[in-house]
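Numbers 1 to 467, taken from UniProt numbering, label the letters of the sequence shown in order.
No wet-lab data here; the hints were simulated from the structure. Note that the coordinates shown come from a computational prediction; the quantities given were computed from them, not determined experimentally. Just so it is clear, CB atoms sit at the ideal spot from N, CA and C, and this is done for glycine as well. Among the clues, some could well be false.
Said to hold, decoys possible - Result set (SDA-like, lysine to any residue): computed pairs, CA atoms no more than 25 Å apart in a straight line: (1) K323 with H295; (2) K364 with V408; (3) K323 with Y451; (4) K225 with S128; (5) K173 with N234; (6) K281 with D29; (7) K353 with G384; (8) K382 with S101; (9) K281 with N306; (10) K364 with H295; (11) K338 with G153; (12) K386 with R349; (13) K386 with A346; (14) K364 with P261; (15) K353 with K281; (16) K386 with D411; (17) K173 with H76.
Unchecked claim - Derived DEER-like restraints, expressed as beta-carbon distance ranges: (18) D227 with G384: 17 to 25 Å; (19) I439 with Q34: 18 to 26 Å; (20) G84 with G453: 19 to 27 Å.
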Amino acid sequence: MIYPVVMAGGNGTRLWPMSRELYPKQFLDLVGEQTLVQETLLRLRGLEVAAPVLICNEAHRFLAAEQLRQIDLLDHNIILEPAGRNTAPAIALAAQAALASNKDAMLLILAADHAIANDASFREAVASAKPLAEAGELVTFGIVPTHAETGYGYILRGEIKGPGFRVEQFVEKPDADTAQAYVTSGDYYWNSGMFLFRADRYLEELQAHRPDTYEACLAAMDGTKRDLDFIRVNEQPFLQCPSESVDYAVMERTLRAMVVPLDAGWSDVGSWSAIWELGQKDTQGNVTEGDVISHNSEGSYVLAENALVGTVGVKDLVIVQTKDAVLVADKHQVQDVKKLVDQLKASGRAEHKLHREVYRPWGKYDSVDNGHRYQVKRITVKPGEKLSVQMHHHRAEHWIVVSGTASVTIDSNTQLLTENQSIYIPVGSVHALENPGRIPLELIEVQSGTYLGEDDIVRYEDRYGRA
1 MIYPVVMAGG NGTRLWPMSR ELYPKQFLDL VGEQTLVQET LLRLRGLEVA APVLICNEAH
61 RFLAAEQLRQ IDLLDHNIIL EPAGRNTAPA IALAAQAALA SNKDAMLLIL AADHAIANDA
121 SFREAVASAK PLAEAGELVT FGIVPTHAET GYGYILRGEI KGPGFRVEQF VEKPDADTAQ
181 AYVTSGDYYW NSGMFLFRAD RYLEELQAHR PDTYEACLAA MDGTKRDLDF IRVNEQPFLQ
241 CPSESVDYAV MERTLRAMVV PLDAGWSDVG SWSAIWELGQ KDTQGNVTEG DVISHNSEGS
301 YVLAENALVG TVGVKDLVIV QTKDAVLVAD KHQVQDVKKL VDQLKASGRA EHKLHREVYR
361 PWGKYDSVDN GHRYQVKRIT VKPGEKLSVQ MHHHRAEHWI VVSGTASVTI DSNTQLLTEN
421 QSIYIPVGSV HALENPGRIP LELIEVQSGT YLGEDDIVRY EDRYGRA
């Protein structure tokens, strides 16, 4: 049986300002109606596979759970990494989890942030690779190149074997002339980072080539704990793992690496130029999303999240407007957006980490306005959900219900509020907010005080395990 494993731990810094540290690209609907991680999971329909497992960062756990719930695939199947350690350790965790259920388990390793235009061709490639994996080969899927790309690693194929080829060599990202030579030869594929192999064979190879990683992951899976929809591994052993990709740890060292060609309109969605390439273009070659008006502009990508964006006489630009940031970049230099994010981090700003609109397991909040000693938020609480029982040392709060019904508890006194009603929460009061209704609760929160940071919260009870 094939056990799909979706790796969802990246941060997608090249797609700032839409992709942020706490809301990265795999959880965004950048190229379709579904988010990238949802598209990855839905692509499995039509394959004979077990329920998928998602591996993600602790900070993204509620985002991941909500997006799996939306497509009816949430079933205690999210493994949380205590810290990022790249793909080799993450796959080792998934391999042990799969073997606990099935000693003959095969792992289909997928990235959560890739786009594939032809799902049928993807499924055909997986089916053709299955006999190789069953025979003990470690199969990677090589993308048939469409142009001389310098942003991807390459795989040189060797001797043919059934539907695939023995891997002759993994090659780092080349310069333009070398990439063109690779494509012209017809013997190279783009390295997709997708794999199919038996779980036990992977662990055998990991033990042989990186015994330190193998032992640390073995200890990390000893005494795992279930928490809501999540599987938590033993933190301290996992932190001993070196951070290393599966390519470096296993695939470049093993003698059993195979490559199966995949020609399915694949993209790693790694930059704004890639989003432009995937988008529906107008007669001037522009791709626009949102409220955009263009005049005499060509070859550009323009995304407007919540405001009108107009362009006049521009060419080959990327313009991305969000509620709290605007990016303007040459389409041919978008790989350097990461350097801009590095500058944001170095300067101590928060725009690399958070959107103005922040998602929580109970819903979301939008920081509408702020100034000296005050902050205004629009809060949305999903039906049946509840914020933690909490207290603030430095701020008072005023809540005004816009729509829905709020159950508000202040120091053991509970009351219901409906549209246009309001309440005051004094500094130091133990309080809680719950939506007992069947429609979303919308309210405006006005905070006032000497300190308004999110860390001024003392949680006493929390159904999401944050107390």
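The hints, checked one at a time:
As the CA atoms of K323 and H295 are separated by approximately 24 Å, the hinted pair is consistent with the 25 Å bound. Of the pairs offered as hints, the one joining K364 and V408 holds, with about 17 Å between alpha carbons and a cut-off of 25 Å not exceeded. Only pairs whose Cα atoms come within 25 Å are accepted, and K323 paired with Y451 is accepted, the gap being roughly 24 Å. Only pairs whose Cα atoms come within 25 Å are accepted, and K225 paired with S128 is rejected, the gap being roughly 36 Å.
Under the criterion of a C-alpha separation no larger than 25 Å, the hint pairing K173 with N234 is inconsistent with the structure, at around 35 Å. Distance hint between K281 and D29 is fulfilled; the C-alpha atoms sit about 18 Å from each other, no more than 25 Å. Taking the CA atoms of K353 and G384, the gap is near 29 Å; set against the 25 Å cutoff, the hint is violated. Among the hinted pairs, K382 with S101 is inconsistent with the structure: their alpha-carbon atoms are about 35 Å apart, more than 25 Å.
Distance check on the hinted pair: K281 and N306 sit about 21 Å apart at the alpha-carbon level, within 25 Å; holds. Distance restraint check for K364 and H295: the Cα-Cα separation of roughly 36 Å exceeds the 25 Å cut-off, and the hinted pair is therefore not satisfied. With a CA separation close to 19 Å, the supplied pair K338 and G153 stays within the 25 Å bound. With a CA separation close to 30 Å, the supplied pair K386 and R349 exceeds the 25 Å bound.
Simply put, K386 and A346 have alpha-carbon atoms about 36 Å apart, too far for the 25 Å limit, and the pair is violated. Only pairs whose Cα atoms come within 25 Å are accepted, and K364 paired with P261 is rejected, the gap being roughly 42 Å. Taking the CA atoms of K353 and K281, the gap is about 31 Å. The hint is violated against a cut of 25 Å. For the hint pairing K386 with D411, the CA-to-CA distance comes to about 16 Å; that is within 25 Å, so the pair holds.
A hinted pair counts as satisfied when its Cα atoms are at most 25 Å apart, and K173 with H76 does not qualify at roughly 38 Å. In this structure the supplied range 17 to 25 Å holds for D227 paired with G384, their Cβ-Cβ distance being about 20 Å. Distance hint check: the CB atoms of I439 and Q34 are about 24 Å apart, consistent with the given range 18 to 26 Å. Against the hinted window of 19 to 27 Å, the Cβ-Cβ separation of G84 and G453 comes to about 25 Å, which satisfies the hint.
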